[in-house]
Each structure stands twice: as structure tokens, then as C-alpha cells.
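Number of protein chains: 2
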Amino acid sequence: MKRAIQIGLLGLGTVGGSVVKIVQENAANISQKVGLPLKISRVLVRNKEKQRTVDTGDAIVTTDINDILADPAIDIIVEVMGGEQPAKEYILQALNAGKHVVTANKDVIAKYGRELFTAAEDNHVDLLFEASVGGGIPIIRPLKQCLAANQITEVMGIVNGTTNYMLTKMMNEKMSYADVLAEAQAKGYAEADPTADVGGWDAARKIAILSSIAFSSRVTLDDVYVEGITNISVEDIEYARELGYVIKLVAVAKDSEHGIEVRVHPAFIPNSHPLAGVSDVFNAIYVKGHAVGEAMFYGRGAGGLPTASAVTADIIDVARDIKHNTSSRILCTCFENKPLCPVGKTELPYYIRLLVEDKPGVFAAIAGAFGAQQVSLHSVIQKRKINNCAEIVLITYPVSNDNIKLAMNTLDGMSVVTKVRSVIRVEAEEIA
Amino acid sequence: MKRAIQIGLLGLGTVGGSVVKIVQENAANISQKVGLPLKISRVLVRNKEKQRTVDTGDAIVTTDINDILADPAIDIIVEVMGGEQPAKEYILQALNAGKHVVTANKDVIAKYGRELFTAAEDNHVDLLFEASVGGGIPIIRPLKQCLAANQITEVMGIVNGTTNYMLTKMMNEKMSYADVLAEAQAKGYAEADPTADVGGWDAARKIAILSSIAFSSRVTLDDVYVEGITNISVEDIEYARELGYVIKLVAVAKDSEHGIEVRVHPAFIPNSHPLAGVSDVFNAIYVKGHAVGEAMFYGRGAGGLPTASAVTADIIDVARDIKHNTSSRILCTCFENKPLCPVGKTELPYYIRLLVEDKPGVFAAIAGAFGAQQVSLHSVIQKRKINNCAEIVLITYPVSNDNIKLAMNTLDGMSVVTKVRSVIRVEAEEIA
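Chains A and B are the protein sequences, given in the same order. Start counting the first sequence at 1; every next residue gets the next number (full-length UniProt numbering). Start counting the second sequence at 1; every next residue gets the next number (full-length UniProt numbering).
Treat each hint with caution, since some may be false.
If several chains are the same, the list does not tell them apart, and a pair holds so long as it fits within one copy or across any two.
[Claimed, not checked] 25 Å max Cα-Cα, derived BS3-like pairs, lysine-lysine:
no.	residue 1	residue 2
1	Lys144	Lys2
2	Lys405	Lys383
3	Lys174	Lys21
4	Lys359	Lys419
5	Lys359	Lys174
6	Lys144	Lys39
7	Lys144	Lys323
8	Lys323	Lys345
9	Lys144	Lys21
10	Lys21	Lys338
11	Lys144	Lys288
12	Lys21	Lys288
13	Lys383	Lys359
14	Lys50	Lys187
No wet-lab data here; the hints were simulated from the structure.
Given these sequences and hints, build the entire structure.
Next up, the structure:
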């Protein structure tokens, strides 16, 4: 008779430490929920000498993964080290050693999902990863289980807290991109090298994971079109506000007629959309399904305790499986092989800001260049004069990315166009 | 070898018909997810002769529950008849016949939860009820699984679409309560007898269910303090707007020092709160946990397809259990027995609107009456003159319901107070 569910914890950083804390503090409640107590038996760290604030009790702390993999008493390996390697290798070894695995690792799941789920299936073990997207927000299980009856047509998320904090600050305090980035770095919200966040790569990994589940078809990081927020200016945010929008870094997955669109980029979102009110470091994932209609999941997308909330929930779920002698109830659900839609074929309205010469006939020339590429203009605002130039802001009707690029190339080469300032997609808007 | 998971469907109304539709339309996808096809084998209806738009294929339609209970091929009974009886009796008989049960029935779960979960446990079968709260919004499974590692301190929901539609209309179009109710009835959003919605009873059943899960302690309908929206006027909604609030019918459960508070009532919600933007027929449930922090779940809380989305998700979950030879992984989690907090001891700020005589010394008399009951005033607005009276609007500091009642009784009996117009709780506000 089993006395406890035994856990091997890989990593004792912010998330790992919070998992230890939650498992200790809620021991009685979790034990009731599972029917057996949880016990963190072994912990893998890089440096045993490092001073830590978390008390791992009588857990054996080691720097050798084999100490954990070879321990037959360990039921679940919890990977919260982060990074691609050696995390991926450890997860694979754990699965092949017949251990259930819980991971918070978006890098690994977005890139090696197929291989790891196959290993889990072959070894009849669980592989759960709720914390890999949206931190503490329940989204993986809701998509895999609660919305399993739906034909999902769209997933749109604000899934990077750093950039959402930055864009919110730029909007509310009219701070420049450079200033707000410096502040986010000072507060610890952004890394010294902020590329993964501001370049959209963190969000790209998350939307790869979400779209794989939503469309039952494997999407990996390489399939995602990615644009970051580095070119977003306070002027664009101000125009957005005037026009009834906010600018957000969105991660979008759509099941369209040309295939699955998966992309990360800044976008104008109308104020009436549920995602528009998601501010600061908060994350939210908005889902459209043929039966459920619209649904949204909101919360803290990062941080030690929120992430550990999701990791520990997965641990409890695996423990319930162990207690009930079952496993692999829900593994990979990518049993379809849907084509991807090339980004050039994706159709959306665009917001465009141009600096042009302020003289007669210029607007006609610009309109002609748009028209030549089948770009129809929905609304045009000529707003400010800057030196001798006029600033023209316009929103197009939906047009393919191929065509908007051709039009912008033409405009860029026109002598009357001083500068193409901004080209930003408009999402979730009915312009037709 | 099992060829299909067989379902007995009780009820072929809006929800039942939508379940049939989803199971048919998504047959291939669901079959892949489960590993076996689903088959609706038998359907219970009240009237076999009734014309229906839904095609039940080769399912055997019957008016006798025993035809379904006695069929050994039936694995899952899906109860979507609604109402307390005979639904509760049928569910109990199904569990005792060794059938798994999926139900959308809040009335039954809020009242007979304990008995039914015990029966499910005794018979080693599943009893799932995701659709009983929030329609298509995933909330039961997120609370039971995804947030299982949290000490939940608060659940606050907008869980009744009819009243949220009415309050939104009253706010946006300044329509009176009576007019908006008539319109909601004409549109089919409100019943001919609207008591269950406008009286708060529908929301009360839902918060009883949610708080039982959140606090691991059984709460039934009788434990819920209930106040409806019938006394809410456009004037109060206007004052709320001026003060930076919206009025919502909220269902609240809090784990406070005096015990579990469970209540349904209209409340002022600050505009900055995530629930404030939940409009029209949409529902949302906001949850606070010690690890996850804040989370919110948003979507359509009613309607055939959204509700059927949740019902069919439960069916898929049970089918996965059957396929994996397991059951009862997660049943009743009410293993604690926490005391309830009497409503008199609940402490909140209050919004109060009074009509008083417009003469010197009146305000001092009123302030004295509040002070005598330990009610401190946070802000006071004297706004309009109506005939010879003055309208005073004020917001108190947090005060117990017992004290506010005593104060209001005193005021009501004072000769200078013409009328106590409104007394409305203020939620989610830091006034201290």
C-alpha cells in the first residue's frame, strides 16, 4: 500500500521554491483531495551550497539527475528549471524511466511536444504542462477538457506580461518605448536582454502550444509568424485611443480558409473587446468556439506563486491518476495535420501612418498606390503638420499581408512620401 | 471490446437538442479524443409526439425512465431536463444502477449534492456538473483541478445573464426596471415569472455550488443570503456612474474570520475591477487564491449551445475515464465543515440614498444616528433638491450588516428623514 506520492523536483528557483511552499502549506488539504499525501523526496539544483530561503525539509538535495531518475520510489518528476536544455533531455529520460512528468517549460513543449508526448504514451505515463502558458491562469486543461466539444475557430491571447506592462505604461503615462523598457528592467519585469519578451518570442512559444491543442494539429515555434513591439511609438498609441482602440501584443491562432494562421504581433484592438481591458502584467486568453461562443481566461501570467499554482495543480492531477491506477488519460490530441496559412495570405485591416509632402495631388497619388494593390481605405485622418509635411493616418479594409506589403513598398519609393511611420494590424474588428 | 460509449439522454429541450447536435457534428473529433465513438442510444422525453427540429437518428425515444436505466449497454446518463424533480430522483437511480451521470442541473446539485456524490462514490461512477454554473464557461473543473493547490479566499461572480442584461440596459439606456424587465421578457431573456432571476435565486444556487468547491465545505441553497435587483433604480445606477462604479448582481463567497460568507445581492463594483466590464448576458466568475492571486473566467452563462458545450465536455471526460478503466477520480471535495458567517456579521461599505428635510441641523441629526451605530461616513454628496426635500447620497466605511440595519431603522423613524431610498452594498473596494 502506497504511503505517499513521491516527487522529484528539478529546479529550486522562484517557481520551484513556490511549489515547495504550496505543497508544505496546503499539505492537509491536498492530501484529502488526492487520498494520499504528497512528498517532495528529492530536489535537483545546480549549486548545493547556494543559500536559499525555502526549507526543503528532509528532501535529498542533489546536483545529479541520475540520483532522481534511478530512485524507484519517485512517482512524479516536476521540471521547473526552464530553458531548452538540459530540461528537454531530463524530461525525456524521466518519461522513459516510467515517471510521470509535470513541466512549466514552454520552450520545451513548443519545440519538442510531439516527441515528448509520444514518449509519455509509450511509457503509459502522464505529461502535464498547465503552467507553460498563462502562468497561473487555467487554460491548457480548459482547452483540452472543458472546451473539448467545440470546433475552436480562434484563440487570441495577451500572453506576455512584460510587454503588456510596457504598452499599458506607454498608454497611461505617455512614456517612450525606451523609457518604459528601462523602467521595466529596473523593476525586474524585463530581462537585461529583453528580446524574448519585446521581440514576441515568449508569446510565440505559448501560441504554438495553444494552437496545437485548439486545432488538434501540431504547431511548433517555427510555424509562428513573429513581430515584436520595438517599433511601437506613443504617437501610435495616442491615435489608437482617438480611434477607439488600444494597442496590445497579441498572440493569434485562427482556423481560416487558407489554413491555420499562427502569429504574434502588435495589433489595434477595439475598446469593446474583452481583451482591451487586460492591463499591466495581467494576461488573458480569449477563445471562440462554435458551441461555447466566446470565452476568456484572465489572471497573472507569470511569477513564482501563480506559476506554482498551475504546477501544483498538475501534480495533484497526476497524483489522482496514480491513486486511481490510471494514466495517460489525456495526452497528445494532435491527431490532425492541418495546413498552415502563409502569413502573406492572412487578411486583416491595417492602421497606417505616413508622413507626406503637404501639397495638392499628393493624397490622390497615395490613394492610387493603395488602389493598385487592391487596398481599399476605410477611414482617413489627416491630422498634424510636422515641418513642411502632413501626417496622414488611415485604416484599410481587410487586405492580404502580401498586398499591404506591395502597397507599402510602392509608397516607400514615392517621392511625395517622406516616411512610412507605422503599419499595424487591426484585430477583432468588423470592417467589411 | 467496447465499440462505443453509449449515452442515455434525459431531456430534448434547448440544451438536450444542442448536445445531440454537437455529438453528431463533432463525432470524428470526439471519437479521436476519447478513443471510442459516442453514441446517443436512448432519449427520454415527456411527449413523443412533439415535433422537434433535432434529428436523434436511430436513438430509441421513450417516455419511461426505466427503459434507459434498465439498458445495460448505457454507460452514461445525461440529465438536461432541469427542475428539481423528477430530475434528482432519476440521477440518484442512475447512479445506483451503476451509470455515470452528467448533469447541467444547478437546482439538484445545490440542494442534493451531498447525497448524490455519496451515491456516486458508493457506486464507483462519475458525477460531473460543469454546466450547472456559468453555462459554457469552464469554472467547475478549473476550481476542482486547475486551482486545487490554492487556499481560495474569495469567489465573486456575475452568474445570471438575465439580470446582467437588465442592469446593463438600465445603465446604457436609462430605462426603468419595469420597462427593461418587459423588454427582457419579450426577447425571451426573462421568464413570464422572473422571480428566479430577478430575485437572485438562480445566482444563489450557483454560488452554493461554487463555494462548496472553493472552500472544501458543503454549502447548500438554504445557506445563501439572497437579495434581488427589484429595488434598483436608474437613479442609483446614475449615482454609481458618477462615483466610479457599476451596479451588478453579484454572487459572493468569502472565507472570512467569522466563517464562510455566501450571499447574492446587488452591489457597487468599482470600474477598475475585472467584473465591472462584464456586460449584457455575459457571465464571469472572479476568483482569489493565495497562490494564483486573481483569476477570472468569462463567457456565455446560458443558452443551448454554450450549455451543451459544457455538458458534452463532461461526457467526453467520463468517456475518457471509461476508456481508461477508471472512475470517481474527482468526486465530492467537501471534506471540511466550516462554519457559516451570519449575514449580520458581514462587513462591507454601503451606498445609501436618503430624502431628508432641507433645513439646518438635519445633516447633524443624520450623522448622529449613523455614529450611534458605529457607522462612519466615508463620503457624502448632497445632490439634488426634490420639492422641499434634499437628496443625500453617502458611502460608509466598512460596517457590519447588523449595524447598518440598526442605523437605517433609526433613520427611518426620524421625522426629518422623508424616505430611505436605497441601501446597496459596495464590493471589491478598498475603503479603510
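Checklist entry - Can you name, in rising order, the numbers of the hints this structure does not satisfy? => result Structure breaks hints 3, 5, 8.
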